[in-house]
Amino acid sequence: MRKARFFIAEALRSIRANMAVAIAATTTVAIAVFVLGAFIPSFLFVQSAVDQQKDRIDVRAYISDPATVDQVAELEAGIVALQSDGTVESFDFVDKQEALEIMRERLQDPTILEELPGNPFPRSYIIKPAQAERSGDIIAALRDFPAIDPSAGVVDGGETTSRLLDVARFIQWTGLGLIVILLIASLLLIANTIRLSVFARRREVEIMRLVGGTNWFIRWPFVIEGIVCGLIGAALAVGLLWAVKIGVVDNWIVENDDSLTRDTATTIGFSALAGILIASGAIVGALGSGITIRRFLKV
Amino acid sequence: MSSDQTPNGQTPEDALSEAEERAQRRMLRRRGRTGGESSGRRGLRRDKSASFLRDGDGPMVVMEDVKKVYEGKDGGTTALDDVSLEVDSGEFVFLVGQSGSGKSTFIRLLTKELDSSSGRVVVGGRDLTRLRRGRIPYLRRSIGTIFQDYKLLPGRTAYENVAYALEIIGESPRNIKRMVPEVLTLVGLGEKGERYPNELSGGEQQRVSVARSFVNQPRLLIADEPTGNLDPDTSIGIMQLLYRINRTGTTVIMATHDRDLVDKMQMRVVELEDGKIIRDQRQARYALAD
Ligand SMILES: Nc1ncnc2c1ncn2[C@@H]1O[C@H](COP(=O)(O)OP(=O)(O)O)[C@@H](O)[C@H]1O
Ligand SMILES: [Mg+2]
Chain A
1087 MRKARFFIAE ALRSIRANMA VAIAATTTVA IAVFVLGAFI PSFLFVQSAV
1137 DQQKDRIDVR AYISDPATVD QVAELEAGIV ALQSDGTVES FDFVDKQEAL
1187 EIMRERLQDP TILEELPGNP FPRSYIIKPA QAERSGDIIA ALRDFPAIDP
1237 SAGVVDGGET TSRLLDVARF IQWTGLGLIV ILLIASLLLI ANTIRLSVFA
1287 RRREVEIMRL VGGTNWFIRW PFVIEGIVCG LIGAALAVGL LWAVKIGVVD
1337 NWIVENDDSL TRDTATTIGF SALAGILIAS GAIVGALGSG ITIRRFLKV
Chain B
41 MSSDQTPNGQ TPEDALSEAE ERAQRRMLRR RGRTGGESSG RRGLRRDKSA
91 SFLRDGDGPM VVMEDVKKVY EGKDGGTTAL DDVSLEVDSG EFVFLVGQSG
141 SGKSTFIRLL TKELDSSSGR VVVGGRDLTR LRRGRIPYLR RSIGTIFQDY
191 KLLPGRTAYE NVAYALEIIG ESPRNIKRMV PEVLTLVGLG EKGERYPNEL
241 SGGEQQRVSV ARSFVNQPRL LIADEPTGNL DPDTSIGIMQ LLYRINRTGT
291 TVIMATHDRD LVDKMQMRVV ELEDGKIIRD QRQARYALAD
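So the sequences go chain by chain: A and B.
Read left to right, the first sequence gives residues 1087 to 1385 (my numbering).
Read left to right, the second sequence gives residues 41 to 330 (my numbering).
Chain B on its own, in the form it takes in the complex (with noise of 0.2 Å):
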């Protein structure tokens, strides 16, 4: 699968320890201002929508004690249950646990299609648990999400499917013109942003999600298991993308049950099961190794 190869040949068995990977995204980051490798993305980062999530050294997401619970006649599902994590700004950490576990719950929470039914969500700084509804907007178009069902718009192209998460920021119709076939180009679409969603393989459909997601360059990424409706192939061009996203700086929470991905990446790896967090784990297999 060529095609499913990133540009520069990155493969996820690059897998770097963790040391070194931190010095390799300091590096790419800062390579990201000033130009170099990745000199085409400099005029990306412009910061009209991730303003939102407030810069600085702490982490990126922070969970306390959040608990949540769907109501019901039956007295209710609890979804997640005293779950307490920190994310650090630039991580990669898998969400992982058997179906029903909670992942789409958690990952709801942080661009607060959910509210938790007590506990603390702070994200970027910002406190779900008191933003109030009209600045939610402005707190999703910071956060880059991609989903198992691709959520494209269906009567648009893939290219105005990616334009138009830059025309909700107000951002110029040249600058658009500028950064749309940029980043098809960069999912490796860069032929086909004239075709509509239904024109499109499940794979190429969420390469565009892929790009929409990051096209404003956000600071955070998440992903409720993008890869679930994609052959094993396919997802590892998917994990890629996600992978060099991160790797400039951007900070990945993806949900997933695919066990041979998460393998592959040796990611920190944070375990669900009935709403609890039962493992939290750096460089890690999907499953606690024997």
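If we strip away everything but chain A, and leave its shape as in the complex, we get (with noise of 0.2 Å):
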């Protein structure tokens, strides 16, 4: 305790008597945490909104008319067995009157049901996959069934599904991609600011390990010291996303009141984001200085 109260004093002696190199260190992490942490808000929302067109994807198995009560059973008994092992999270049977409902509903003009000869819609089971991605894997156990339509078959949204997988799968590899390098160069700076620190006294250390300072007792000021300047960085940070939030993001979400905001997509709360973000300016300059020191305060 009374350690960490030394070791932080001189910490602070430090950044007092280099304060060029420790400005520098905390603009550079102030900059790399407000990207960040304008960026995490916004791959988390739109991460949010693929997710919810995900939930939406379902896959339908279209039943022919002539199929016998027993060929339907040993279809349903057949996505019980994919629901048991996980592949199918739930589903529900549509039978043809039901479906002539649905689409009289979606219909415009109603009447032009009327005019049909008899009820033309097939009955059918929606299966909600577990997870988007393995609509194919269902498409694939169930197509043979005897109770199939031939040419309707068992389908997904297809060519859209498909898309959209791939657009999701595009924004998290990206976005974790730039979050890892936006880190990366943050902690790189710090370590680089905090080798001008140990280079502009490495007279001092030198002393230092005369008069017996053992490694840790030299190195420990200056970790403190790489912390110091990402805690601070990372706090300005949040102050500046905190008034881009008051006085930007919130007029704006207010004023556009329409299908993006109305969604139900959300997004990571602001005191948990102030949290991650302080942590990792934190973080960055524990890593940024204990790289330093490792490769240029060898005792």
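Taking CB as the label site, the calculated pair distances span:
#, chain 1, residue 1, chain 2, residue 2, range
1, B, Tyr236, A, Arg1091, 21 to 31 Å
2, B, Asn215, A, Leu1296, 17 to 27 Å
3, A, Arg1091, B, Pro221, 20 to 30 Å
4, B, Tyr236, A, Val1266, 41 to 51 Å
5, A, Lys1089, B, Glu153, 24 to 34 Å
6, B, Arg235, A, Leu1326, 38 to 48 Å
7, B, Pro213, A, Ile1354, 36 to 46 Å
8, B, Pro221, A, Ala1095, 11 to 21 Å
9, A, Ser1357, B, Gly242, 51 to 61 Å
10, B, Asp189, A, Arg1091, 29 to 39 Å
11, A, Ala1271, B, Tyr236, 35 to 45 Å
12, A, Leu1098, B, Glu153, 28 to 38 Å
13, A, Arg1381, B, Asp155, 14 to 24 Å
If you're looking for bench data, these hints aren't it; they were derived computationally from the structure.
Ideal Cβ placement from N, Cα and C applies to all residues, glycine included.
Two independent chains are provided; combine them into the complex using the hints.
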């Protein structure tokens, strides 16, 4: 405890002595964390919107009109089997009458239906996959049941589904990639700043060694210096993000009360975001200086 | 230079015969423990750091057939060649010789700033040739070191420079507050604790360095040309300090080529030439008398 207080005092002394370097490090972190802080909620928002679209994806298995009750039961057993191995989340049976009702609701001018001979709409199972990505497996598993209507078959959104999934994957990977790049960039910048700080004081470090300072006794103040710069930088970024949220984003949401904002897509709350950002500032600061002193402060 | 008079008026000319000196040394040490004249320093003798060097009657420093070669393209430089030497606990030894004779190399072997190329270096019962790297800081903090260029931390006041040596060994803030002013007063800088190194004269800076070197009461103190950058009067002041420290029982090894100083003190003199010991003489002068 006493040691901790001493090391913090030493770190602050060093920051004061190398103010320019400390400001450079802090600014670097502030910029990186600001970009990260703007990016994370946007990323999560898009991710959430995509997830919702994915939730809407379902597979339809159309049953041919001549199929017997036994054949339909056999198909249902197949779906239940998929459900028990976790591929299918839930399913629903739609009979011919319901199919007609649904169509009637959907059409602008339901009178066309009156002109049809009988009810042309087939029975079907609406199957909700556990994951949108598994719809192909479901189609493959059910396609060859005798109850399936040979022309309508088992289908999902097809093209739309796979494109949506591609988009989702793309957003995921580029998003993660960008976050990693940002973190590494700010890490290297902090490392470089601490390296300057170590270089500026290598004579001092030399003396500390000569009078018997242990590795970590000499190193801790540098690590704390990194953490302090990281924390202050992150705090600045969070303050700036807060201003942007209040001044720009919140107004924009009120003014654009349309499909996008009315959608139930969600993103991270500000306090959780602030917590993550400040923690990552501290970690980046600690790692950045840690890397440097391992390389440049060998005793 | 009254400021260079030590508080009890001790001057180098008071050099004692060896027997008397040993007796007095024992006395000072005992006083140091029981109070008496230096009661203020009783609290200073803490063994937090000194424990690394083993207590006991053995010699403080032993060098056995030590050779040091600085590697280089042209076969390297042999800075020390077949050096063997013993320094007893409590002794004062001058290491003399021309520039380039190997004095600094000798000194730097003692703190394991350098490793010997062959032979054994033993300090306080510890064989440095077999000391693990991680233990080096513990060796160094149990040896007081003084350099020609003072090696003070530039961003710290005199007080903070001395305090740093205590912070390294984990001394409590309360003890630091008590010990540092005492030691600064002892070296005659009681009033200048708040000055930064660049606000002090060379002699004053070296006093700070002396204060730092013995604030944690090392049993061995080594000095590499401590008066090399100082004028003769200032040099005598520093010399007196080292002498007084030696009188409290601390072994002192001092490399110098200050002829006048060595001649005044009449201490043991070890002379190096081209990395070899060519003379080891008690109560000696800088140069061999004709
Ligand atoms: N780091 C070094 N690399 C190579 N040679 C060195 C190094 N340090 C000292 N020497 C050489 O070793 C010899 C002894 O030097 P040194 O111990 O510094 O002598 P002194 O302190 O008596 O002047 C000299 O010839 C010097 O040039
Ligand atoms: Mg030298």
